[in-house]
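A.B. asks: Residue numbers (numbering that gives the first Met the number 0), protein chains in the order written: chain X, 0 to 705; chain E, 0 to 341.
Don't read these hints as lab results, they were simulated from the structure.
Distance ranges between label pairs, derived from CB positions:
#1 E:Gln-331 <-> X:Arg-690: 27 to 35 Å
#2 E:Pro-159 <-> X:Arg-607: 54 to 62 Å
#3 X:Arg-57 <-> E:Gln-331: 38 to 46 Å
#4 E:Ala-25 <-> X:Tyr-596: 43 to 51 Å
#5 E:Arg-234 <-> X:Arg-607: 34 to 42 Å
#6 X:Ala-13 <-> E:Gln-331: 33 to 41 Å
#7 X:Arg-120 <-> E:Gln-331: 31 to 39 Å
#8 X:Arg-120 <-> E:Val-314: 29 to 37 Å
#9 X:Tyr-596 <-> E:Val-314: 45 to 53 Å
#10 E:Thr-66 <-> X:Gly-631: 33 to 41 Å
Pairs of lysine-lysine, BS3-like flavour, derived with a Cα cap of 30 Å:
#11 X:Lys-599 <-> X:Lys-686
#12 E:Lys-149 <-> E:Lys-247
#13 E:Lys-334 <-> E:Lys-247
#14 X:Lys-599 <-> E:Lys-334
#15 X:Lys-663 <-> E:Lys-334
#16 X:Lys-686 <-> E:Lys-334
#17 E:Lys-247 <-> X:Lys-663
#18 E:Lys-149 <-> E:Lys-137
Remember, it's a predicted structure, so these values are computed and weren't measured experimentally. Glycine included, each C-beta is placed from N, C-alpha and C at the ideal position.
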Amino acid sequence: MTRESVFVRLLHAAAYAAACAIFAAPLGPESTTVAAGLGGFTGSLLGAFASESRLRSRVLALGVVAGGALAALSDGIFRGTYVVADALGPELALAAGDALIFFFLAAGGVFTLRSLGRRHRAIGVLEISVAGLAVAELFAVHRGGAINRPFELADHVLSMGGDPADVFVAVGAAGALIVAILLLRASKLRRGLFHLLAAFLLLGALGSLFPFFEIPIPDVAQTGVGLRNDGKPERGEGEPKDQEQLDFDNQGGRNNEPAPVAVVVFHDDYQPTSGIYFFRQASLSHWNGSRLVHAAEGLDDDVADGFPHPVLEVKAPSSVRGRREVVTSVGMLAEHFRPFGLDAPVRFEAETNPDPRRFRRTYRVASRVLELSDVELLGARAGDPSWDEATRRHYLEAPDDPRYRALAERIVRELLPPDLRDEPLAQVRAITTWLEREGVYSTNVSLPVTDGEPTAAFLFGDLVGYCVHFSHAAALLFRSIGLPSRVATGYAIAEQARRGGSALLLTDAFAHAWAEVYLEGVGWLVADVQPINSLDPPPPLPDADLTRLLGELRRGEARDEILGEDPPSKLPSLHELFTGISTAALSALGLALLFLYGWKAYRRLSGRGDPTRVYRAQLDALAELGYRRRRGETPEAFARRLEAVLPSLGPLTDAHLASAFGGKRRLDGEAIDALARRLREELARDKHPLRRAVAIIDPFSWLGSR
Amino acid sequence: MNNHLSTSAAGAPQPLSVDSANEIAARLRRRLRAAVKGRDAVIDLLLIALFADGHVLLEDFPGSGKTTLARALGESLAPDPSDTLPSFRRIQFTPDLLPSDITGTNVFDPETRRFDFRRGPIFAHVVLADEINRTSPKVQAAMLEAMAEKQVTIDDVSHPLDDLFFVIATQNPLDLAGTYPLPTPQLDRFLFKVRMEPIERAAELEVLATYPNAPLALSAQEPQVSRAEILGARRAIRGGVAIAAPIKEALVDMARRTREDPRVAQGASTRSLVLLLPALQARAVLAGRDYVAPDDLAALAEPVLRHRMSYMPGVEDPERVVADALAPTLDQLAKAGLRRGS
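Just chain E, with the same shape it has in the complex (with noise of 0.2 Å):
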């Protein structure tokens, strides 16, 4: 059956080297920063998740660009002749969805009397789960399932997803009669949670600009980028990023503040920890760095661990304790840097 699913049938991608890593998602950053104007910061966060091999929920309000990004993403991504998975899928979560609505079931095909996998849309390249937390918890958990496994099992048969896999998730942050929350152990599938806020004058201005033609057709311009170049970019930043040890010091250090914190009922996580490293060295590649630099952890220890904490009741700047508990440490950071280069 479909054994072009395995990556080895797929081909091996590449060794590449961090340059040429450097080089893919510098191309891909200017395809989606052609198709979304303003989104720069929630860009460069989808790029690093990617090359992490993570998952990104995004916080929005309807209309805010999130499903014109996630289909130039997908657009992106060139069509691989030996490949049958569609780029991009968008899932429209509902109330009433169940769960082999988005894996796919198996089908009685009465010609070859036998049951037939019938794949569901989450058998994507990118798939954007619009608001997630509006479906049940059984659906919820199958996609969560999905993302962290990348496989499916359907009637005691596993059927992996892709390697490149890549879910943006959202959800509305307002309107939440009749949703199910996700809770902090799901929450915790995702490598970034990101607010988005809204965009600048000028940027807007620009969306407006481009009416008459579609909103992707800029980013046309720019060669697409193959699946077997991302997998490659991925390994490359994997081996070939340092992280020097201050910076994992600086990390532990970091997560233990966060649990001294008299606001936080549950810090951060050792986990959240690990799942940091990959998205520090795709930011160090984005930047154009093969070494992980406190700019990179002042970038993303917010994004990765705000979500993975829980905050003591009536707390009511959750988002300052993580800023509290890195100030510190990049000070420290920034000290051991100049004890360390001499």
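Chain X with its partners taken away, still in its complex shape (with noise of 0.2 Å):
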């Protein structure tokens, strides 16, 4: 075994000592975390020690057991009895506990792993495995590709206005040099720092292609909670294909992870009385016979129709009664074909983006949202006396389905009591209870082929269906007992998303359909059918952290609140760090080259008549062919080793001894020139004018010749 440099065993103690701290980071406090690392630091160097004792390997074994045994006793002492809790203080002696576990375990594992491992090939193996697992450990947590984890590196990253993809790559560099350290079994310092370079300086050639290549970025439409959303236009169960219409096909399969679509910041606080935030996108109210598609230009007129430029006022607001204005802001993730608003928006402004690589498009929504509660809204007439007939009849058109009609009307005979039968909103509510207590909430549906009604095959046939079949069911059963209706699209999701925060992330599995029906004094009003019984398993929320994240870049202030306005990114990017380091490395290797080249030139063709300088020349022209005196060999015994081919390299030998050690006979330049020129010749012809040219290019011969 050889020995090892401080340098290498330094290095050896710092990557065992990050990656015990990256271990230990989320088992406790930061103090556990700290202490682990210098446990990992003071195993590494013992056991470097240990190694080259006499010490037998089962005994090194044996370190893993006393860490334990060590571990244990402290947690006895510290923990287990009252005399370091008195002396110290509960909280100071249990932390004091915790970090000597932590110390001891690392320590001993550490050591036993190290010891064992410069001893033995096979567990050296396992000590690079070790570091690997580390950094794998790492960003065990960032998989899919989310920027909001690891949160210590990313939120920092993202306030300091950098990307933290950027610094994920670097953080993978230093662990793979790391695994470099570890793999170094060179002993000397200089051949350790050399591998350190070239490893260095691989990383940076790699770097410096990332601006041809691109850092890859994951596949958010399969990877789920992404940095952005590149994918195609979202396309949830909310959004038709054609834009025009609702897909009734089977859905099943579709929803393997979520993909995030759109951040929404509240600036007013507001609970809806349902628990369910709605934001309405469009709205369907035109019945061609066999769905709801959209109306004709002049209907719907709460729903807007493109995005604001940069103010787009709703040409029919839902009125003011009961309702109060709260403004959020948007930040589309994924491309939208237009803007959506918390139920009802009434104004759109367009916003500056604050994050233009994150957002597609931001803005900001006024809505007047409803306040009051179904007992506050009893009495509200269906439809809107100032509507001309024409409208009124659009939002009542049906099919000629008499089943619709009996339906309804059992329903209300069954569920109200006499009293409320002839009110618009029991009715309502009456007809969207019973949807969803009958009904099976499946995005996994097989309607039989009808004749082009699938509204009427779903509704009296299994009932299981999802959101576009329950808000079709709903508005058209509300249809046939005269209540205008409709059905609007957009995202629904549940209060509890927001965590109590401002924001709210919402994913495509948010995207809904649901019916509203529109009473006087009031505007539409949502009628969701949420069916108690389903096949399917709730969407998840949204990460929380995520969540937060998110709704910061929003508001603009995860950089506002460090940088101020306008700031621009500090950290360097990695790309230019990359070209950075491989342009120094290039000129740095370009003048080495440049260097080895003269100094090689100049001792080759220096010294004519010398005999050492003569010899010296010689030597550098047999190490470049492979010809080298060896240790401990001396210079006539070199010689004699070449007699047979190089016969000249004796007397030219000779000749330098005579004058390096003092001889009095010498010969003369002449003479000297004479035998290197012979000696060459010898050599031009023992090698291949091949072999030779190569040597001549080689930079370092000259470094071997001695």
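Grab the two chains, each in its own frame, and use the hints to assemble them into the complex.
C.D. replies: Shown next, in the form of structure tokens:
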């Protein structure tokens, strides 16, 4: 076993310290993380020393047991007895006990691993896998390309205006360096430094290729919560393929991982009475014989028909009775056809995009949210007296199927007491309640092929469907008993997704369609159906930290709080860094080559006639072709070894030695040059010209001559 | 009395050049190589010790040619008319030998009624001390004193030995029963301790090929070497072969490396380095150089240093210790040479 240099030893210890700290970080507070790092450092150093001692490997393996025993002991002393707790106070004693446990466990484990790893190559492999695992552990939480994890890194980098992806690549590169360090079996300081430098330059060279190939961005469509939704335009259950009609087809299997589509930031506090936020984007009210589709111009004017430039007022806002204005800001992560807003939006305003790399569109919405409870809404009449006949008919148009009306009347009769049977709101609630009770939610539907009226097939069939089916069924049932209604599409998300914060992250899993009924003086009232029975699992709520982070990004606060307005990025981009490194490396390499060639040429060509310098020049030429004096070989012995091939080397060696060691008989300069010439001829006979050409190109050849 | 033994009377050796020293060494080497096959490395070490004024301990099995080698060396010396000393003597050491058996003793001469000193077998130019570890420590001490001081002392009278006095001692590395192993301080008297390996197959066949002739006949083709020539060559080598500063630095650093080696109880001493210097010079001359080169150090570090160090118990490969200290030293030396020459 070769000795290690102090440098390599410290590098190993630092790598182990980092690995232990990474492992310990999720298990305890900072003090234990630091303690584990220190333990790894100490264990690595002790292990390296122990591996050179005469201790048997079996004894070294006991290091891990000793570490465990010491940890148990400190646990017993610090936490099991009152001695330390009395002296330090319980909190400090507990923290110190924890730290000691981590320290000893890390030190013992690393000691054994390191000492045995130095002795046995097989265990050395374990060392490397520990380092690899540490890096993997660091990024395990980062899987799926989530930009908000690991929090410590991403938060900081984002707040500095940098791209976390760059930093992750850098950390991965550092991890690779750590593994390379552990692989370093070079015991010599110089060789260790050289290996490290080479690895670093390689990384730099790879990194400088990034501008050409780009850092790969995870495919968000498949990996879920991603950096940005760069896929095709958002397409949820509520967004029709051709924009004008909803899809009744099988939606099963679509739902793998929900992709984020937008973030909504509330400027005013608002909790909906129903517990669900509805964001309306479009409405479908025109009966085309088989389903509800977009109405013609002039109808449904409370829906925006384009993005604001810079302001877009809704033409037919809802009434002001019982409503209050709530302002929200929306940042769209995926492309949408039109803006959406909290029910019911009245004004859209364009807003400057605080982070164009993150958000596709940003705007601000003022909505009039309904704050009246159902009791307060009782007595409102359906429809609007100001409507002309055509409008009224438009919102009541329904299939000729008599079963709708029969069912609706039966529901009203069965569910409502006689005094409420003529009350529009009560009728609405009765029908939605019935649908919720009787229907089964599933995106995996198998509707029988019908003559083009899928709602009837659903409603009078097995009542298994998703929001499109339920909203149509509700709307058509409403219309059958004279309640003007339509289907609205957008997003619906439970209030708890806010988790007390002011931001909401919408994913495509929350795209929704629901029925709405028009009440006089109130406007369009959401009449959503949320079936009690569901065959599908509820969609996962978006990650709270990602929601908070994106909310801060949307508000532009993440930067402002540190750097003020219009912050330039303080972090050098990874590309620039790598380009800088590789430029520096290349020029250093060029300079080094120039120096090597210059020095080589000087040694080869200088000193004609001087025996020693001519001899050295010939030694260089020999070394270049692979003839080197062995360690412990005298120059004479070297010459004798090559006598058969290079007979002129002997006399030249003698001339050099006589000159160097005080002999009185010297050859004159011409004789020496003649000897050197003869030697060159002998070399030319001995080696192929190609081999000699390669030798001349080699800039390092003279370093090996001795 | 025997005043011809004093060096001055024998004629001060003529100052020679390094080249002629090389010629003398080469002549001796040719003679020895002709007489003894397959022992070139040992012959070189023997000659280096001879010219560096040291002695050699051969570790060898019986019948490996050491007597032939020593005799060939002795016979290569031309008889000096003014010299009454034999060129070669062999002493077989046994446990019952007495110091006077080798040094000589005072004998009463009834005619002159005086005690005359009768010289022992040690009074010769080349002495083969066979199985030196078989005799008692008392005899070993007398022998080694003679080697170190180049004189013997009988009854408070010192009798100097010749300047050329050169001892080749042998010991059997395996048959150790009833022996008195030489302690480290006494091993220190020998410049080299040479372990002789079995010779090559081809060389062994050559030995057999000389069978009908006397083994030493072949060496007679070369002219002999005179005592004065050897002494002159010694002086030429001592004064004429350069030892550059990096060589000395390398020696010191190598010695320090041996002392820091955990396998070594006692590293190379400073004296061993001092002794190494003439040996390096001698080898340089043998190689035809007038300067000490890294090759000399590479060749001589082991035979000079190994038997002068003591090792920790349980060290199984003492021969690696010197080699391990030598290798970085040679690299350092090669680098220093490249720096220095330019």
